[in-house]
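Build out the structure end to end from the sequences listed, making use of the hints.
Keeping their order, the protein sequence lines are chains A and B. My numbering puts the first residue of the first sequence at 5, with every later residue one more than the last. My numbering puts the first residue of the second sequence at 668, with every later residue one more than the last.
Misleading hints may appear alongside valid ones.
Not everything, but these chain B residues come out facing chain A in the computed CB check (under 7 Å) [claimed, not checked]: (1) K680; (2) T686; (3) L687; (4) P689; (5) Y690; (6) W693; (7) G698; (8) C706; (9) R737; (10) G757.
A few chain A residues that don't get close to chain B, going by computed Cβ distances all over 12 Å [what the hints assert, rightly or not]: (11) S11; (12) R17; (13) T26; (14) F35; (15) A99.
Covered stretches of chain A, going by a simulated chain B footprint (3 or more residues, C-beta under 8 Å) [as the list claims (entries may be wrong)]: (16) 60-69; (17) 101-110; (18) 121-128.
No wet-lab data here; the hints were simulated from the structure. Every residue, glycine too, gets a C-beta built ideally from N, C-alpha and C.
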Amino acid sequence: MDRPPPSALEDVRQRYLRVFSTYADFHGHQFYHVMNAVCCLFIPCMGRRSFQWNGYEPSTCEHAIVAHNLVKITRFKCSRPRQKAKVPRWILRFALHSLSLDSLPPASVVADPLLIIAIDLGCDLSRIRAETSNERCICVRLMNDALTPN
Amino acid sequence: MAKVGDLRTLWGKHRAITTLLPYTVWQEIDGRPEVLDACLHAARAAGTLGFVWYGPSRFANTLPAKVTSRATILLSPHFPWCSLAERGDGLAQHLAAAITTVPDTKEFTQSIVDILSGDMIPTGTVSSIGLVVCGLENNANGAEWPN
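Right, dumping it as structure tokens:
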């Protein structure tokens, strides 16, 4: 994926910090989970990285948007040169939460948490384009690449 | 890429395996048991019985309403029984009921042994499961359950 220049990312981070305090507490806020996710992106060393997604019950539309963007972030973070492909735990917890809901989201949404897991397992996803991926395709790939015996 | 048999790599990926487990339950319900089998195979290959289900304990709490007998028995060794205080008894009863409905195979027997030999399993749960297992054994032998 195209990588934004570091200066652009730093500019966004500075603008974020101009609006929100480093210790902003979003408890009780309607968008508590999403705001915490944004905080995790811009202030990565904060304790809020351990935040849980418990109680996050988005609409299908919001769920799809958040999941899709977290996949993009995961791909971006894991594509950094000279860094081990390690998915941030708060993103992995999002995948866990998405798959643990009382009813499974639509396949188009489930595909994204599966992609996050696949990236963490170290699967080669170069032949799966994020725009065209589907749940079944990723599941088969996960089993073939990472979970089944040689 | 993690392969079964590469224990260090698999241990490093245990969180990803844990994260995938709730999805395998849905696949099992949809008639695709191979996903659960592959996931548990990876967990067992890493020699990590007990760690797998610690993360999604919230999901484990709601399992009885949705999961098949087969999945219940195969997943139970991975439950964080000690942290399921509020639903532990219900799960134990569900597990005990599941044991009575599956065929007597090496796979299920091993899973039950793993459950009963777990370090963190409460005594009450052991009793519930033990009673069912003993009952099945006695029935199989044509013996009476002792008064």
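task = Could you check that no beta carbon of chain B comes within 12 Å of the beta carbon of S11(A)?
result = holds, 33 Å
ask   = Can the hint on R737(B) be confirmed by a CB-to-CB distance to chain A that is less than 7 Å?
value = Nearest chain A Cβ about 18 Å off; hint violated.
key: Supplied contact hint for C706(B), tested at 7 Å Cβ to chain A   = holds, 6 Å
message = At least three residues with a C-beta closer than 8 Å to a C-beta of chain B: is that true for the segment 121-128 of chain A?
response = Since 6 is at least three, the answer is holds.
inquiry  = Quick check on the hint: K680(B) CB to chain A CB, less than 7 Å?
reply    = Hint on K680(B): holds, closest Cβ of chain A at ~5 Å, below 7 Å.
query = R17(A) clear of chain B by more than 12 Å, beta carbon to beta carbon?
reply = holds, 27 Å
request  = Answer holds if the nearest beta-carbon of chain A is closer than 7 Å to that of P689(B); otherwise answer violated.
outcome  = holds, 4 Å
inquiry  = Does the closest beta carbon of chain A sit nearer than 7 Å to the beta carbon of G757(B)?
reply    = Where the cut-off is 7 Å and the nearest Cβ of chain A is about 16 Å from G757(B), the hint is violated.
query = Should the interface hint for T686(B) be scored as holding, given a Cβ-Cβ cut-off of 7 Å against chain A?
reply = holds, 4 Å
ask   = Regarding the hint that Y690(B) lies at the interface with chain A, is the smallest CB-CB distance below 7 Å?
value = Hint holds; Y690(B) Cβ to chain A Cβ min 4 Å, cut 7 Å.
ask   = Mind checking, does the segment 101-110 of chain A have 3 or more residues with a CB under 8 Å from chain B?
value = This one holds; 4 residues, not fewer than the three required, reach chain B with a Cβ under 8 Å.
request  = For the hint on W693(B), just tell me whether its beta-carbon gets within less than 7 Å of chain A.
outcome  = holds, 5 Å
Comparing the model with each numbered hint stated earlier shows that hints 7, 9, 10, 15 and 16 do not hold.
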